[in-house]
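Number of protein chains: 2
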Amino acid sequence: MELVRAALAGDRRAVARLITRIENNCEDVQNELAELYPYAGRAYVIGVTGAPGAGKSTLVGQLAKAYRASQPKVGVVAVDATSPFSGGAILGDRIRMRDLAGDPGIFVRSMATRGNLGGLASTTAEVVKVLDAVGYDPIIVETVGTGQAEVDIARLAHTVLVVEAPNMGDEIQALKAGILEIADILVVNKCDCVGAERTSAALEMMLNLDRAGGSFHDMLCSSLALLTGPPQPATALAAGKAADADAGNRWRPRLIKTNALQGEGIPDLVQAIADHRQYLEASQELQRRDWVRVMHELEQTLYQALMKRLLDGIDPAHLTNLLARVVAREIDPYAAVRQLIAQCWS
Amino acid sequence: MELVRAALAGDRRAVARLITRIENNCEDVQNELAELYPYAGRAYVIGVTGAPGAGKSTLVGQLAKAYRASQPKVGVVAVDATSPFSGGAILGDRIRMRDLAGDPGIFVRSMATRGNLGGLASTTAEVVKVLDAVGYDPIIVETVGTGQAEVDIARLAHTVLVVEAPNMGDEIQALKAGILEIADILVVNKCDCVGAERTSAALEMMLNLDRAGGSFHDMLCSSLALLTGPPQPATALAAGKAADADAGNRWRPRLIKTNALQGEGIPDLVQAIADHRQYLEASQELQRRDWVRVMHELEQTLYQALMKRLLDGIDPAHLTNLLARVVAREIDPYAAVRQLIAQCWS
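Sequence order for the protein chains is A and B. Those letters in the first sequence? Residues 1366 to 1711, per the working numbering, in order. Those letters in the second sequence? Residues 1366 to 1711, per the working numbering, in order.
Where hints are given, some of them may not hold.
[Said to hold, decoys possible] Part of the chain B face toward chain A, derived, beta carbon under 8 angstroms:
{"id": "1", "residue": "Trp1616"}
{"id": "2", "residue": "Leu1663"}
{"id": "3", "residue": "Tyr1668"}
{"id": "4", "residue": "Tyr1699"}
{"id": "5", "residue": "Val1702"}
{"id": "6", "residue": "Ala1707"}
{"id": "7", "residue": "Trp1710"}
[Claimed, not checked] Pairwise CB distance ranges (calculated):
{"id": "8", "chain 1": "A", "residue 1": "Gly1560", "chain 2": "B", "residue 2": "Asn1389", "range": "47 to 53 angstroms"}
{"id": "9", "chain 1": "B", "residue 1": "Glu1629", "chain 2": "A", "residue 2": "Gly1560", "range": "32 to 38 angstroms"}
{"id": "10", "chain 1": "A", "residue 1": "Ala1434", "chain 2": "B", "residue 2": "Glu1392", "range": "55 to 61 angstroms"}
Source of the hints: derived by calculation from the structure; they are not laboratory data. Every residue gets a Cβ at the ideal spot worked out from N, C-alpha and C, and that includes glycine.
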């Protein structure tokens, strides 16, 4: 717990070591995270996502610098370009992040964890929790917008920026519907480039389309929600006013043009983020998102704990053998699972 | 078990009822699936994915008809356009599928399940298992290519077709890298349209790029793989020859041009699928994929069983209260999970 005390006292190296322990999935890191938990929950988390080449890293650098004007400690977590398959890392990102390295008030961390029981998403959430607990605020999380990563960032961040650049194929907007759906703020970067106006207009049009009803955050609910019902901060967290962020009162995603390389549009972007934050707070949507996130985190933690029990309690050779029998259809998967449960959880 | 017997005897209505029971997540449907399990594992599963508007449904219809020339029973499972968020259904798909409805040798099912404990992916896998057990072969699974759905289809299918159409934004290929990565066969549909040659050339170029090392199927491995190690059908399933589908021997994704509306290119596509199947069998990659899929299925089933125990064993009000305390940071999530485990699995 010495590491936790040092981190809370402001020791950057202790923070870095804690994060490494999370990445390595160390045995007792949960104790340290538990120790830090009461201190977390204060930082505002900004998610930045979008296609490769849209200029996310440069934008994140500019945002971090802008926030440093008023904030003593700003955190940046760059989650590597992980296609669900190849898991490749865009090294360019890391290099660009070095621009920030001179400022001791900015903590930058690139994540490249794999093979973690909880996956990159839960590792990222834990790293954010550490930075949050030791006083970094805001924390900017950058991730490439592909599939699951979008869902993860939407779950983790308070405000999600989706970064687009001109000439990346306006015609394919249908494909992008998914990523637009998570955008609280849409950033058209490289706004000095040819085609920027056309891209902005096309995206603005999409934003004007009426969105499918219901907060997409409801969709992030986990199995536990089957038990507790949908998130109801109004009843469970705060008495009184219903958490009804619907209809006329709903946030309409904002489109902001930037040229991150030159720093243009950054003040507008910071203002839009502040506006979104104010909306979240006023509409109780902030509490609602907290509720969804905690429910998901509990479920993930529970799952990891249960899987760990399996890993500890079962002979690998036995499991391999059981798998082979299921593959050979000598035993059905349900019977195999009953057998595993009987062995580990009876 | 009467339903199972009727389904095995070829009663289409019994098959439909079994599938409905899966969709509704009925209490004892696992017994029926267990009963069917020994009969499954014979069908070849073809996954068809791609952006909305690429003409997937028409292509699936043509493929189903083509296979019916030689096969007595062909199955089609259309998984609804489920963005991870809005979960909307493209009704057009269902309508087009009706073209197939006249042929009693083709079984078509559209899936629109939500709120299932195991999610749409595991429901789809179970439906495929039912069709497989009662003799449908091949089984074509159609899904919109978004995020998690891509991973799911790659896990479920033996051969994955990614369907593209011209003029959907060649410039944005980088974004599509993920979906190309799962393609065993790339289909450029609507090949009569202006721009088809250009799209084909661009995609062909991408296919020629050297792919990141390692079968992406290794990436589909689940937590259980931490225990058993990577899939090793060579040691676990078949003795002798190592399952080394690497290097010079690896499958190079094929590009096929079709005009599904006119039936053009369908014989070429059927041939390409046959070639891929032959490759999978010769390289033992088929066994390897089975291994990965079964491992994942076991893990999912285990998870569902464990969550069911939680749902059965815990008072919802207690869980809601526990969640509220975690949100309020009165208790950390790890302690909360320990408490849940003590209550349900001690």
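Do the hints match the structure? See the list:
Annotation: interface hint on Trp1616(B) violated; nearest CB of chain A at approximately 15 angstroms, more than 8 angstroms. With its C-beta approaching chain A no nearer than about 5 angstroms, Leu1663(B) sits inside the 8 angstroms limit, and its interface hint holds. About 6 angstroms separates the beta-carbon of Tyr1668(B) from the nearest beta-carbon of chain A, less than 8 angstroms, and the hint is met. Interface hint status for Tyr1699(B): upheld, as the beta-carbon distance to the closest one in chain A is roughly 5 angstroms, under 8 angstroms.
Checking Val1702(B) against chain A by beta carbon gives a least distance of about 5 angstroms; that is within 8 angstroms, so the hint holds. With its C-beta approaching chain A no nearer than about 11 angstroms, Ala1707(B) sits outside the 8 angstroms limit, and its interface hint is violated. Given the 8 angstroms rule on beta carbons, the hint for Trp1710(B) holds: about 5 angstroms separates it from the nearest Cβ of chain A. Restraint check, Gly1560(A) to Asn1389(B): a C-beta distance of roughly 49 angstroms satisfies the suggested window 47 to 53 angstroms.
Between Glu1629(B) and Gly1560(A), the C-beta spacing of about 35 angstroms keeps the proposed range 32 to 38 angstroms intact. In this structure the supplied range 55 to 61 angstroms holds for Ala1434(A) paired with Glu1392(B), their Cβ-Cβ distance being about 60 angstroms.
Checked against the numbered hints given earlier, this structure breaks hints 1, 6; the rest are met.
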